[in-house]
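Listed below are the residues making up each chain.
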Amino acid sequence: MSARDEVLSRIRAAVGANAGAPPGGDSLAAGTSGEVPRDYRIRREASEGELIDLLADRLVGYRATVRRTSQAELAAAIREALTQRRARRVVVPPGLDLPALPPGVQAVADDGFSAQELDGFDGAITAAAVAVAETGTIILDGSADQGRRAITLVPDYHLCIVRADQVVALVPEAIRRLRPDRPLTLISGPSATSDIELERVEGVHGPRTLHVILVDAS
Amino acid sequence: MRIALFVTCLADTLFPGVGRATVELLERLGHVVEFPEAQTCCGQMHVNTGYVRDALPLVRHFVEVFEPYEVIVAPSGSCVGAVRHQHAMVASTGGDEELARRAEAVAGRTYELSQLLVDVLGVQDVGAFYPHRVTYHPTCHSLRLLRVGERPLRLLRNVAGIDLVELPDADVCCGFGGTFALKNADVSTAMLADKMRNVVGTGAEVCAAGDSSCLMHIGGGLSRLRAGVRTVHLAEILASTREAR
Amino acid sequence: MSTNGDPGAAPAGSMTFLGMPTAPRGVGHLRGSEPFPVAARRGLADTQQRRNLAKATASIRAKRAAVVGEVPDWEELREAARAIKAATMAHLDRYLEQLEAQVTARGGVVHWARDAGEANAIVVGLVRAAGASEAVKVKSLATDEIGLNEALAAAGIQAHETDLAELIVQLGQDWPSHILVPAIHRNRAEIREIFLREMGDVDPGLTDVPAALAEAARRHLRRRFLSAKVGISGANFAVADSGALCVVESEGNGRMCLTLPETLITVMGIEKVIPAWRDLEVFLQLLPRSSTGERMNPYTSIWTGVTPADGPRNFHLVLLDNGRTAALADETGRSALHCIRCSACMNVCPVYERAGGHAYGSIYPGPIGAILSPQLTGIEDNPSLPYASSLCGACYDVCPVKIDIPSVLVHLRARHVEAARHVGLLPGPEAITMAAAAWVMASPARFATAQRAGRIGRALGRGGPIRSLPPPLSAWTRSRDLPLPAATSFRDWWRRDHQPGKAPGQHHGEPR
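Chains as they are written, first to last, in our numbering: chain C, 28 to 245; chain Y, 49 to 293; chain W, 149 to 660.
Treat the hints as calculated values from the structure; they're not laboratory data.
Restricting the straight-line Cα-Cα distance to at most 30 Å, the calculated cross-link-like pairs of lysine-lysine (DSS-like) are:
| id | chain 1 | residue 1 | chain 2 | residue 2 |
| --- | --- | --- | --- | --- |
| 1 | W | K550 | Y | K231 |
| 2 | W | K550 | W | K203 |
| 3 | Y | K231 | W | K203 |
| 4 | W | K550 | W | K211 |
One chain only, chain C, in its complex shape (with noise of 0.2 Å):
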């Protein structure tokens, strides 16, 4: 017998009469949905302006650094991060529609570079999928303006761009509005450790500093 069929074997034998179809016949999901009371709060109504507000707040206290501008602004906020930050030379999504950058600083569209090519990067800026406000999270799902997760991990410094109609109150309704099959990463802030005594010590792998620019639909 192969260890799966013997495996699976097992647990029919010891889940007994339960074992094959759950309720609600072969939809699976639905067999679930059936048993599973789902009372907890799945949306949460606030307009835009609380959600960015609230979602400002979460990240600050991530340490990460907000910058909250219009859409007529933008450029020159992104502008404004990147001579902040010193940086030279960031990657970027192919699919990213990147304004003019300050002189001396260049943006390279990510071309499947190594870890190691990765790493001679200052920083690198993409778009977001979705924001959580509640937990202060910014998903991103590998679409053409975020691009691979390599280039989000590698270089210290993540420039991200969240637009206010991307963001939403609760976890339930960001699952709802991703692609299950896409790689996907969440990030609530840079990286942090509290191995050491239970302190809290930010910036361990992964970008030690998160700069985020929220955009008004104004």
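Guided by the hints, dock chains Y and W onto chain C, whose structure is given.
Chains Y and W in isolation, oriented as in the chain C frame:
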């Protein structure tokens, strides 16, 4: 109201004053207390030590003794916890579903003292007088299994003359845990040490609780250390009045 | 079906004997070398660990309470989580088959492992096939459980732990004592010493400021991350209906191991599967708040199979049984498989806080360890763990998936007693005492007689409390006095002296 008293084997043998106090308190409040003399033990010690089969006759006996009564009270959160959360399971495990059903029914009418007073008798001021500094330890079964919540404190706050001080880390287990106190005596003692430290730190003269078992453990430690703090059961405080004996 | 003759595998109350195989001996880390009470003594005497643990757990408890208090639907989330896990276990075979199909359709390869030995062999084979002699690892309890690092080492493959705490433990040649903060038993001075001794490239002037230690770890590991060919991880969740896997972490080393190497091997216990994508919305709220006391942990990675041009080109998922089906066979005990490894139970357990994690002898310590380890190994290999608890219930209150740990502990104690009876180990002295006590207490007449006879004990105390008794009751009197049996029992008073409505007065309590 006619109330049947389940005094518990521990109180019956080592702390009869707790039983007497419960009787006097309920009579003072105008109720009739019955003591079914055939009662013995709830079987909790057996179940918690893994001897579920041995507990079956105890459960059967408890159900037979108390079934005829409408209201049953015990001055013990852990024994009432056992009745409510273990008796039916013991019966089912022993293959006696009929007994399980009866046990559930009896359990539904069995109350810990503070539950009886507040929920069933509707009283929070029992007219007690107890001029001592007291700190209250909420025992784990009362706190988490029976969820008596604020009831004991509400009753104590209404006691005339009492100086009630809050116990730090009150909801941390005292370390008794039945046979745990013997099988893991060292850890039990470490937990007891912290509980005693908190009790003594309040400056209280008396440590009160709703369970004689925990009080025996805490009191035993305080006595060994000659700490000058004594343990008194909730029932004994509520039964105390101004008149001298 | 093979069996290792484990009578403890029979669910209590059932007449059938399922004989489900448990985690094999001699491999992995599920069994201690000493019974809990003995091992606990060492933990109790370790004053540094006592101090670290007391401080750490108090701090996490406060953080957890704050972030949980903010959530208005916390109880609803817990109930949903409990129900999702229960439904998962009830149809585990179907969900695993679905998961396998989805992962395979997206370019991943699924392997099944009956036990630790088989899982280790699979991983060794995969690393070799990738042409590598080392691998970077994200912390994974499942890989610790099976002793993967040792198996890799025996095959000439070096596994580099990359979680800071796991790194500390690995370099210190030590063993984790907490599932979330494995190096909690170490203070900063010790960590600095370990780094200076074991990290070849570290600055000799390294201080013990946590930020400096973290920086040293970052530099030490970064080189490995950027050049590693093989990454090994566990998984927090695997979604059956889409094939998505999920890893929840803080430091970024998870993202490094999951994204940069060309081959990723994920070892996952079969109980970690969840039915549907939307189920993640429940667990992603419960886990961070329960474990680190944060609204959300810094990084969570979710991936499905292989994504071209993004991350590993080869993805292997190893599904691990290793005694989980034995736990599944026990209708009450199987709730231990619902665990999402948050460690909230450990952080509130007064026993764990004082005895420390090593006392449990297993990679899974604390309350969850006390119910999971004995089921994975079979009760007779961890007979003392179900008793390592005062049944206070604090763990049940904080468990995000509502595992009724106290009830499972009592259930396992019953299984232990039944197992001993079954193999003829009973009656020992304890069983005889218990049977005798039950016999006495089943009859009011015998009970009253015993009470009267017990009054002889009053001679032991000479008017005061009893301060010393022979074994086994010496375990009590070593640290506590015991009251004398009352001169007049309650029932004697009732019969002789009770007059309804007699004059009340002050109660001072019995001398205890």
